[in-house]
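The numbering used here puts the sequence shown at residues 445 to 717.
The hints are simulated quantities; they were obtained by calculation from the structure and are not laboratory data. Note that CB positions come from ideal geometry on N, CA and C, so glycine has one too. Among the hints, a few may not be true.
Quick list of the computed label-pair ranges, beta carbon to beta carbon [to be verified]:
1) D496 to S652: 36 to 44 angstroms
2) E516 to K637: 23 to 31 angstroms
3) S648 to D533: 26 to 34 angstroms
4) E516 to S652: 35 to 43 angstroms
5) V673 to N564: 46 to 54 angstroms
6) I539 to Q645: 35 to 43 angstroms
7) V673 to S652: 39 to 47 angstroms
8) C519 to D496: 48 to 56 angstroms
9) N510 to S675: 47 to 55 angstroms
Derived DSSO-like pairs: lysine-lysine, alpha-carbon spacing no greater than 27 angstroms straight-line [claimed, not checked]:
10) K498 to K582
11) K521 to K546
12) K575 to K553
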Amino acid sequence: MNSVPTEFYEEVFTTSSQQRLANYAGPVSGKFGSVANRCWTKVYQKGILLIDGKNQDSVFFDSRGNRYTSEEGFCQKYRHLTNLCFTADDQIPPIDKKFVKKFLSEPGKHSLQLYSTIDNAWIEEFASWKKLAHVELKILCDDNVLKLLRKLLDLKQLTELYLEFSDQDSIDLACDFLKQDQFRFLSFREFSKEQLMAIWQIDSKQLSKKTIWWKGQVHLHGKHFTRVVRSFTDTIDYESSDRIVRYFNPDGTSEMNKEAFMAGVTKSIVTFL
């Protein structure tokens, strides 16, 4: 692996749909591990707040989630994501073409957080963004939001989808995204049996290399998970031949037994191999 160009590894770690890949690869020896460690310390994101159609603020986050008000000290080469946070208190604002043009010139993948609904003009605008790879919905999916998701589904470019709230229509669409080759990460904030059953009914080959995340403790492993790994104090992994289940407890310690650890789980994650 040491013969692979450093530039290739940097591209992998700075464009990965799951930023923690660099952190997990860090302990690996040789060039692969050293580049992973370097990228983990340098990768960052930019967030742009658009309120009522006006650019109100910009913030920056490093790979550990620390917040900065300036880009000083960061290198744009390592910007993993540029995120637009869209919210409107009253009426849906018109599109500021000058702002949009500037946003689309920002480096890294583009991400959209919706805190309020949109109209047809914004649907067409967002659907035209060639680098839009992540969408996070902080609202219930009304007809317009569902229309945007269907357009993005047809474009086959989305790699990550986060649903703060979910109903059957949004669950069905989320499962359709899971079937697409480029899609990698689906997150449900709230868990329901219907969500899990809908996912389990998808052909296992279509779920290969996909990750689904739920808030809180969701029992995702069974007797066929024969290997248990404790790589970090805040995680427990259960591994089978076709998937890895990870439980995250931010207060976890190496002294905790499994029962105590699981009682404090805040995230449940399954990755299909």
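Do the hints match the structure? See the list:
{"no.": "1", "hint": "D496 to S652: 36 to 44 angstroms", "verdict": "43 angstroms, holds"}
{"no.": "2", "hint": "E516 to K637: 23 to 31 angstroms", "verdict": "48 angstroms, violated"}
{"no.": "3", "hint": "S648 to D533: 26 to 34 angstroms", "verdict": "45 angstroms, violated"}
{"no.": "4", "hint": "E516 to S652: 35 to 43 angstroms", "verdict": "41 angstroms, holds"}
{"no.": "5", "hint": "V673 to N564: 46 to 54 angstroms", "verdict": "49 angstroms, holds"}
{"no.": "6", "hint": "I539 to Q645: 35 to 43 angstroms", "verdict": "39 angstroms, holds"}
{"no.": "7", "hint": "V673 to S652: 39 to 47 angstroms", "verdict": "20 angstroms, violated"}
{"no.": "8", "hint": "C519 to D496: 48 to 56 angstroms", "verdict": "33 angstroms, violated"}
{"no.": "9", "hint": "N510 to S675: 47 to 55 angstroms", "verdict": "23 angstroms, violated"}
{"no.": "10", "hint": "K498 to K582", "verdict": "19 angstroms, holds"}
{"no.": "11", "hint": "K521 to K546", "verdict": "18 angstroms, holds"}
{"no.": "12", "hint": "K575 to K553", "verdict": "6 angstroms, holds"}
Violated hints, listed in ascending order, are 2, 3, 7, 8 and 9; each of the other numbered hints is respected by the structure.
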